[in-house]
Amino acid sequence: MKASFTVNGKRYEVDVEPRMTLADCLRHSLGLTGTHVGCEHGVCGACTVMVDGSAVRSCLMLAVQADGAAVQTVEGLAHGDTLAPLQTAFRKHHALQCGFCTPGMLMTAHALLSVEPNADAPRIREVLSGNLCRCTGYLGIVDAVLEARDAYRKSGAGVGG
Amino acid sequence: MSQRDAYVGQAVERLEDLRLLTGRGQYVDDLTREGLLYAAILRSSVAHGRIRSIDTSAARALRGVHAVITAVDIGERVPTIPLRMESRPELARFEQPVIAHGKVRYVGEPMALVVAESAAIAEDAVGAMAVDIESLPAVMTREASIAGEVLLFEEHGTNHAITLTGVKGDADAAIRDADYVRRERFRVQRHTAVPMETRGLLAEWDARLGRLKISGLMKVPFAVRALLARLMNLPEESIEAVENDVGSGFGMRGEFYPEDFLIPFAARKLARPVKWIEDRREHLLAITHAREAECELEIACRRDGVILALRGRVWSDMGAYIRPNGVTAPRNLAQMIPGPYRIPHLHMEVAMVLSNKTPSGSYRGPGRFEADFFRERMLDLAAQDLGIDRVELRRRNLLTAADMPYPFAKALPYGSGGETDSGDYRVTFERCLKEIGWTEKEKLQGKLVDGRYHGLGIGCYIEGGAMGPRENARLVLEPDGSIAAYVGSSGVGQGLETVFAQITADALQIPIERIRGVFHGSSSAVKLGFGTGGSRSTVMGGCALLDAAANLKQAIRVAAAAQFGCLPEEVDISDGLATVSAGGKLRNVAELAPGGLSVEGTFANTRRTYSYGTHAAHIAIDPRTGHLEVLDYVAVEDVGRIINPHALHGQVLGAIVQGLGASILEHLVYDDEGQLLTGSLASYLVPAAEDFPNIKAIALELYPSPTNPLGAKGAGEGGIIPVGGVIANAVASALSSLGVQPNELPLSPPRIWQLIEAARGIL
Amino acid sequence: MKLPVFDYAAPDTLAEAVALLAAHAGEARPLAGGQSLIPILAFRLAAPSLLVDLRKLPGLDTISISGTGVSLGAKVRWCDIEADSKLRAAHPLLAAAVAQIGHYQIRNRGTVGGSLAHADLAAELPGIAVTCDAEIIAVSAAGSRILKAGDFFLGPLMTALGADELIVELRLPPWRVERRWGFEEFARQRGGFAMAGVALFYDEHNGLARNTHIGVIGASSRLQRITIAEAVVNGRVVDEQTIVAAAQAAAAAVDPVDDVDASAAYRRALVATLVERALRRAAA
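Residue numbers (our numbering), protein chains in the order written: chain A, 145 to 305; chain S, 62 to 824; chain P, 245 to 528.
No lab work stands behind these hints: they were computed from the structure. Do not take every clue at face value.
Below, simulated BS3-like cross-link-like pairs (lysine-lysine); rule was C-alpha separation at most 25 Å, straight line [stated by the list, open to error]: (1) A:Lys236 with A:Lys298; (2) S:Lys495 with S:Lys330; (3) P:Lys330 with A:Lys146; (4) S:Lys274 with S:Lys757; (5) A:Lys236 with S:Lys495; (6) S:Lys502 with S:Lys229; (7) S:Lys588 with S:Lys614; (8) P:Lys300 with A:Lys154.
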């Protein structure tokens with residue numbers, strides 16, 4: 145079955161089985177392996193991407209359901225060699241160790257700060273509660289997201305949705 | 062070490078991060094190959110039974126299926142997987158076969174392998190197989206296992222593999238003559254590491270060259286490769302093990318699992334690259350389980366609280382087979398239960414018994430988490446009985462600098478002893494008390510505030526690190542003057558590349574940017590590597606690199622001497638390894654060897670390091686729901702020498718949170734028939750971002766380790782070790798007015814509620 | 245955990261959608277947000293031959309508030325409810341319950357209709373629907389019908405919905421200004437299965453409670469209002485005595501079972517605790 149959608153602004157046409165998830169399509173049909181698969185039953189959040197501006201679990205979405213949508217993945221965060229503010233903050237605050245949960249964390253945090261650049265630590269923790277990490281204990285991640293807020297405020301995030 | 066440490070001790074930002082942050086990490090499932098096929102595994106859905114038949118016809122008939130492999134296809138004899146460490150005949154007789162044959166012994170045991178065009182088709186084919194198993198009763202409890210009415214291995218006549226005994230002094234005599242003795246039972250539940258990346262393998266067979274290339278072996282790739290070579294009747298050199306990025310491990314990887322044989326076997330049989338990625342449901346059934354232990358413990362003290370002896374029996378539920386790492390936890394339990402305390406007499410028997418559950422092995426702080434829980438609970442009970450403040454009791458018994466080195470018990474039948482290296486365990490203890498504000502918070506203990514009972518708990522530990530026997534490294538001075546470092550250690554996300562780059566840069570006195578890369582774990586890196594585990598990499602890999610660095614400087618001198626026509630001792634190497642000079646002549650280091658200069662380094666070690674510390678917690682319990690909130694958690698440890706404070710801090714925090722998960726949330730629950738009831742992440746709960754926000758970890762460099770030139774001590778596991786005991790003691794403290802004694806983990810809300818109800822005499 | 249094979253259709257109209265459901269004689273399943281259905285397929289607990297994706301169907305995603313109550317289209321997502329500030333005032337109990345649902349990512353996809361059709365008895369929306377005497381509008385090729393929430397949930401993951409029917413709307417009766425309400429839930433973690441939850445309200449008239457509605461999630465094999473506890477509250481001042489009596493009545497009325505997470509005794513005690521806390525909050 146055919147589907148057409150953009151990923152990080154670039155248009156892709158795929159022809160996949162209906163049963164293929166968006167996560168698997170991104171990873172294996174499009175070779176965008178930055179999005180990770182950790183559980184395939186919608187709990188761990190490693191597969192989080194943005195679809196039409198909202199953070200979603202790509203393992204719970206069929207690729208064909210993304211037809212016509214604008215998808216954003218971790219590969220789209222940096223601009224060439226320039227890291228996005230969240231990525232820089234993650235590095236600074238040692239918010240990753242093995243890196244497996246990291247793309248999902250980044251995309252969830254990016255989705256949050258894009259509409260709530262003033263989110264406080266409890267809100268950040270609440271929103272990230274759907275992204276599991278076994279390495280860091282979450283403290284570095286929360287510190288990184290708190291620091292990145294400044295860049296989102298400056299860029300006018302949250303104003304006008 | 063070096064004159065100037067520009068990097069060691071600094072929070073250098075991680076080299077690994079750039080690729081991991083931008084989605085350019087390379088985990089096994091990110092790899093792809095021309096003509097790649099995918100494998101899926103048929104696993105037993107019966108816990109104990111005799112295999113009558115496996116009907117693979119429908120599976121074979123599915124479009125896209127290339128092969129279905131069962132025990133029959135493996136060969137005349139289905140090999141079993143030997144223990145990696147400390148094997149003995151009593152244990153070897155219970156090794157796991159690479160594929161089930163004759164019997165199945167746990168739900169999840171591999172019975173057949175399908176290879177197909179896609180992972181989805183392979184899974185369809187697994188579902189199309191019809192399995193006929195004659196069910197046998199499942200052995201699910203310690204009592205049933207010991208009773209032996211139902212045997213997992215009829216031919217061996219027992220389910221009890223072996224009993225290990227920790228022995229020191231004469232515990233029986235000490236207990237007989239003691240002022241005070243108390244006996245108690247404790248229990249730690251079965252749980253597991255749950256790394257975010259499940260297991261996976263990619264195996265490629267080159268029939269022309271007779272070579273196998275395999276990715277995904279992880280943690281101890283050289284050991285796994287060596288065993289794989291034996292099992293496949295191949296010379297080791299014909300197997301290349303490639304290490305990529307790994308989504309953490311916590312001790313669970315590198316066991317040599319059945320799949321580590323089956324996937325390469327399939328690749329060779331089909332002469333096509335084969336990839337297998339474990340799914341999460343499989344993972345919970347198939348990855349090594351850990352920690353399930355029941356303990357009867359006795360403590361003997363003088364009236365003033367000085368501990369004289371520990372004596373006890375432990376039953377370690379090993380699951381259906383003894384796995385390669387199966388001995389580590391029981392041995393640590395037997396030997397290391399005294400922890401950081403001065404305990405002159407010990408007699409601990411640890412019986413390793415089988416059950417129809419997933420086999421058990423090592424998980425972060427193996428045996429130590431359990432032992433600490435048993436012991437720290439016992440210390441609080443003893444303090445209460447003796448009318449001594451539990452802080453004071455610990456103070457009287459913690460090892461101090463004057464005691465170092467303090468000998469451990471022997472672990473029979475192995476006979477290994479060992480001793481502590483350096484430290485003063487009271488210093489971290491006092492610091493921890495201060496940091497959490499113990500004296501101020503003491504007033505809250507046992508009090509009901511706003512409907513919640515408040516409690517404090519404290520616990521101390523030591524962590525064994527720098528496991529030997531050796532590590533190897535290689536440094537290459539490239540023609541452009543950059544340095545490439547190769548190490549036999551394995552990365553599991555702990556930041557090895559960065560830590561090793563720091564050590565190497567300081568050893569060579571060069572800017573860290575001049576290190577082109579740190580390559581670890583792959584069989585092409587060094588001739589023989591020893592991998593990761595037992596908190597060894599910083600010390601073992603780091604010191605191997607120090608040796609290589611010294612050798613590189615010497616090689617540079619030798620090369621320069623040949624060109625200058627002088628003796629190597631007369632050659633001066635400039636700061637930053639830029640130029641060499643002797644007798645007025647000068648040359649750039651990079652020009653010395655146009656083809657590059659490669660040297661090896663090695664470090665051998667039989668003496669473990671012991672970082673140590675104290676954790677304390679302030680909790681509040683809602684007695685109506687049993688909910689436990691950790692209001693404050695403080696960890697203080699001395700690691701001897703910190704290479705990268707961020708990397709260390711991150712691991713300690715992560716370990717503490719895992720420990721809290723183990724203490725409150727995590728539990729692998731089986732029913733009477735051997736079905737795993739907690740078969741997904743919706744029912745096996747691991748800590749999430751909101752659960753434990755209030756944690757503080759402080760690392761000190763008080764007593765470097767005298768066992769190695771870095772003075773460092775392995776420190777990746779300490780964070781988890783004392784958590785169970787600390788939390789349980791805090792619960793006892795909070796519910797002291799009710800006389801609640803929590804002696805079993807996890808302390809989930811229903812269990813806490815049940816303890817309260819039982820104490821009130823309502824149940 | 246790859247999904248099993250199925251066909252997929254994304255019809256443009258409701259008529260097409262129900263025609264497809266009818267044509268596939270129980271082998272077709274509607275797909276909305278997929279937050280409940282896809283995991284079921286991933287565990288291969290179901291093998292529908294066709295998934296009928298509702299994403300193109302117009303008009304099923306409106307929230308309307310009027311004198312006749314609150315109407316939620318079946319495709320209304322949790323994030324839509326959260327974002328609707330008028331709804332919080334128009335039906336505070338619904339808003340409080342929905343605030344507890346799932347995680348951030350799930351809230352962007354999970355729907356009203358999906359939750360009702362899935363019928364997890366520990367889920368918040370089924371509990372609200374039953375507590376508030378809601379109506380569920382279902383459509384099939386034969387026409388539409390109204391099902392009372394109290395008769396809709398037959399057991400764990402079982403509803404009165406026919407295999408050829410599609411939920412299009414949930415209607416909640418109008419809220420009253422003098423209404424006092426409480427929602428209390430206890431889960432091990434945010435977004436996890438509720439070990440138990442209580443939704444309740446009563447109308448206060450001359451200091452006495454009347455029209456009490458009490459519903460419990462996660463602790464019973466059926467979802468029903470706990471009329472015996474409601475009777476304890478009705479006609480009385482909601483003081484400590486009433487609160488404790490009602491809580492005990494509710495705990496006695498539910499029928500939890502021992503399971504992997506908790507004993508029946510624990511759940512029963514939890515229900516009492518949550519009823520007490522919800523009533524105290526309502527009365528405050």
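What are the numbers of the hints that this structure violates, sorted from low to high? 2, 3, 4, 5 and 6
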